[in-house]
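Following the hints, complete the assembly by docking chains S and Y onto the known chain L.
So you can see what is in the structure, the chains are spelled out below.
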Amino acid sequence: MATTIQLNSVEKRYGAHDVIRGIDLDIKPGAFTVFVGPSGCGKSTLLRMIAGLESISGGDLMIDGARMNDVAAARRGIAMVFQSYALYPHMSVYKNLAFGLETAGYKRKEIQQRVNDAAATLQITDYLHRKPKALSGGQRQRVAIGRSIVRDPKIFLFDEPLSNLDAELRVQMRVEITKLHERLGNTMIYVTHDQVEAMTMADQIVVLRGGKVMQAGSPLELYNEPANQFVAGFLGSPKMNFAPVRVADGGAVTLDRHRIEVNRPLQVAPGEDLTLGIRPEHIGIGEGPGQTLGEAQVDLVEHLGGSTVLHVRPQFGHEPLTVVLPGQHTCRTGDVVTLRIDPADCHFFDGEGRAIRG
Amino acid sequence: MTDAVNDMPGRGSAYPRLNSTLRHALLIAVCIVMIYPILWMLSGSLRPASELFGGEAGLIPSQVTLSAYPDGWFGLQVTFGRFFANSLIISVLATIGNVLAASLVAYAFARLRFAGQNFWFALMLGTLMLPYHVTLIPQYVLFRELGWVNTWLPLIVPKYFAVDAFFIFLMVQFFRGIPRELDEAARMDGCSAWRIYRKIILPLSMPVLATAAIFSFIWTWEDFFGPLIYISEMENYTVQLGLRSFIDSSGTSSWNELFAMSILSLVPIFLIFLFFQRLLIEGIATTGMKR
Amino acid sequence: MSAYDAIEGGKSAARPETSGWLARAIHRNGAGYLFLAPWLIGFFCLTLGPALVSLYLSFTDFDLLTSPEFVGAQNYVRMVTADAKFAAAIRVTLVYVALSVPLKLAFALAIAMVLNRGMRALPAYRAIFYLPSLLGTSVAIAVLWRQLFAADGFVNSLLATVGIEGPSWISNPNYSLYTLVVLSVWQFGSPMIIFLAGLRQIPADMYEAASLDGASSRRQFLRITLPLLSPVIFFNVVIQTIEAFKAFTPAFIISGGSGGPINSTLFYTLYLYQEAFSYFRMGYASALAWVLVIIIAIFTAFSFLTTKYWVHYDD
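Chains as they are written, first to last, in full-length UniProt numbering: chain L, 1 to 358; chain S, 1 to 291; chain Y, 1 to 315.
Hint data in this document are derived by calculation from the structure and do not stem from the laboratory.
Honestly, I wouldn't trust all of these hints.
Said to hold, decoys possible - As a list, the in silico DSSO-like pairs of lysine-lysine whose alpha-carbon atoms are at most 27 Å apart:
hint: 1; chain 1: L; residue 1: K131; chain 2: L; residue 2: K107
hint: 2; chain 1: L; residue 1: K133; chain 2: S; residue 2: K199
hint: 3; chain 1: L; residue 1: K95; chain 2: L; residue 2: K212
hint: 4; chain 1: L; residue 1: K109; chain 2: S; residue 2: K199
hint: 5; chain 1: L; residue 1: K212; chain 2: L; residue 2: K28
hint: 6; chain 1: S; residue 1: K199; chain 2: L; residue 2: K107
hint: 7; chain 1: L; residue 1: K131; chain 2: S; residue 2: K199
hint: 8; chain 1: L; residue 1: K28; chain 2: L; residue 2: K179
hint: 9; chain 1: S; residue 1: K199; chain 2: L; residue 2: K95
hint: 10; chain 1: S; residue 1: K199; chain 2: L; residue 2: K154
It should be emphasised that the depicted structure is a prediction, and the values quoted were computed from it without experimental measurement.
Pulled out of the complex, with its shape left as it was, chain L reads as follows (with noise of 0.2 Å):
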């Protein structure tokens, strides 16, 4: 049976400073959660914490409903990957494997037979009698992994763990990675500042700010209904455009001057400022369904074989927009374009950020 951990307003302060600023979060048994967020958002020290590597200034930490706060890193069942792998240099990959094991106290014939097993399913069996520098990158990446499955933990916990590898072995380490969590079913929290990886991999994102949670919830949930502008810009790529609106009368805002039918009750008054949202793969061009939102001039087109990214300026409004096309287009730069959308794709952002929903 995996595991859960639920997070109670967790804090962390050094001295004055507040990185981690009261987390609520509930993680399900066997969900691998993903942290993301910009570099210095607390993700990284969030994790440390959970694994007992930082103490925890306030709030609880509960992992299958026991209270882990004051547990010893060793004892809360917990295995970590460290973006530097931490492979120990002057060990063999064996023992690099053995370590923990022989730290608790196992005997050597099942050390011998965990440590076999774990190899085998990573594909380093090979390398066991070598040392850590005679081996690629992403050997050692397999490596780190063996030697936090060897443990049979209950939660494993990784720390940006592909960060050191080149972009082609990265998508291989990212698909075996989820394949490995098929597998042993284990509750897993992998932390990166990598959007598409927190897409690709989570079954649930929890996106994080100034030590604050911004949002949480399955991918695609965040990608449909951002809780807030931050979120929304966050993930994605390329980022959703964003515009100033102002609420007009009769379910509709004014981009500009253009007006823009929204359909449904926006709970604003008429006359407010606010940021309209629009990812770009949902912005269309020429004659189609939708809404027009008027026109714009082609700045650079990026043909990417599988889609085109067009750089428009509008007519209206003056923030340049971001355009992704399915499939191959003739665009040009200089090129007038009019540039149509669906209104309930749209999505709305107050003073503040929050997003409004309909």
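Coordinates of chains S and Y only, in the frame set by chain L:
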């Protein structure tokens, strides 16, 4: 820092005028001046006592004899063999103490967290510059009260209490260079602080431990002041004290024997120099060791 | 980073959650203090305690056999007003420091600059230059020096070959101290290695840029090498000066423990040793020790104060 002492051939310089041959000639001349006195002492130890002392500035003895070595060896009531054994025991025990104590303390400063840490660290650094003369007399009184005068204990026991802050500082610097994530991984692996020290930090610190051990050994071996004040019976003399007695008892009449024993007293240091030169030089270059 | 136990590892059971601030404090700091223990004991019993005791003793008459008798500042007063040997020791030590440190460092720097050209034989030269430093304070080296500069020693026989009759360097008070200065300079190896390491940190392209600008090598030395090396020079000056103040063995061996002839090699530490262990004036010797600390402290503080005028730091 280590590559500071590695060679970088082809490195440009501001002083291209001095051509290479001239430079080498100059350096070789300096080398000769540096080494000549030691060679002169070596050659002196091989001359017969009858060969008038000093009148000879050359290196080649008119007649080579090894007799000064056995004569000097047995020249005092107690043989130099005993002095060498004493010095060796003291130096080895002192070295073990220094490395053990300094590494424990350095680990606490570099890796553990505890209240008052910065305060103690500052105090420790403060003792680096403190001349040992201020503690000399009360220490002497203390050891005298303990009945340790004329034993080796005053030369050995303090090292087990990390009195030489220099070694602590040296090791703190090194330990700080070991990635902290290794400790954290070990903690996740269930290691106690002791086990991390023993299984992670120490094995990864062999270079600095060796450097500390070598310097500790050499300094204890060469120490004259400590034995001079604490050891009175010739049975317990170190080599350095033995040499001093030799000067007093024989004056310049058997200078070839004095030279022979002097040469022998330098042999252990010279051997260490031959085998561990790199560690010694790196140790100095990276930490600014005093000599 | 949270606390963790020194003795217990993952094997032992979970501890009770909260059991008072004392248990918590021990839990949090125990490991640190356990590892620190050797030093703490040593610091209190062998450094701080003795230092305070010696400060007290410096205001007493103490002969080791009878208990110390408080005499106020008398020791210090006598030192300054009525002790010709103290004055001699101060003079000898200051001359020794003032001559040996600059000469030794100038030599070390000069050789380091010549070596700093990536020559193939560098390790060999470096090793040979370093050897005397390592043999350093051995009695054997002092013995050697005594014979080199004896009346019928090596130096004079060398001088004799060119027809000069040298004095008896060791037993002539006009020269004896200088033989010790020469011995100190002979041991320039370790500051040289530190200089070499420092020179290696100066980027080569700085010299290349300067050469392109047409700077002469003298100008490059004054404008690039010296400023960029100044932290290392400062470090060497401080360390070598303190070491020079503490020099003992060569003076002891060369003068046979007397500091003679006519106190010409009476190093401060040698005088301190005599007072303490030849005459058993332990109170007076303690006062001497504290005066040494004060001298070194003043020197060090003064050096640090001057750094803003000549030591160049990157940031």
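Hint by hint, here is what the structure shows:
1. K131(L) x K107(L): Between K131(L) and K107(L) the Cα gap is close to 23 Å, so the pair holds against 27 Å.
2. K133(L) x K199(S): 18 Å, holds
3. K95(L) x K212(L): Violated. K95(L) to K212(L) sits at ~39 Å, over the 27 Å cutoff.
4. K109(L) x K199(S): 21 Å, holds
5. K212(L) x K28(L): The hint holds at about 20 Å.
6. K199(S) x K107(L): Given that 27 Å is the threshold and the Cα spacing comes to 19 Å, the pair holds.
7. K131(L) x K199(S): 16 Å, holds
8. K28(L) x K179(L): 18 Å, holds
9. K199(S) x K95(L): OK: K199(S) and K95(L) at ~12 Å, within 27 Å.
10. K199(S) x K154(L): 26 Å, holds
The structure shown violates just one earlier hint, number 3.
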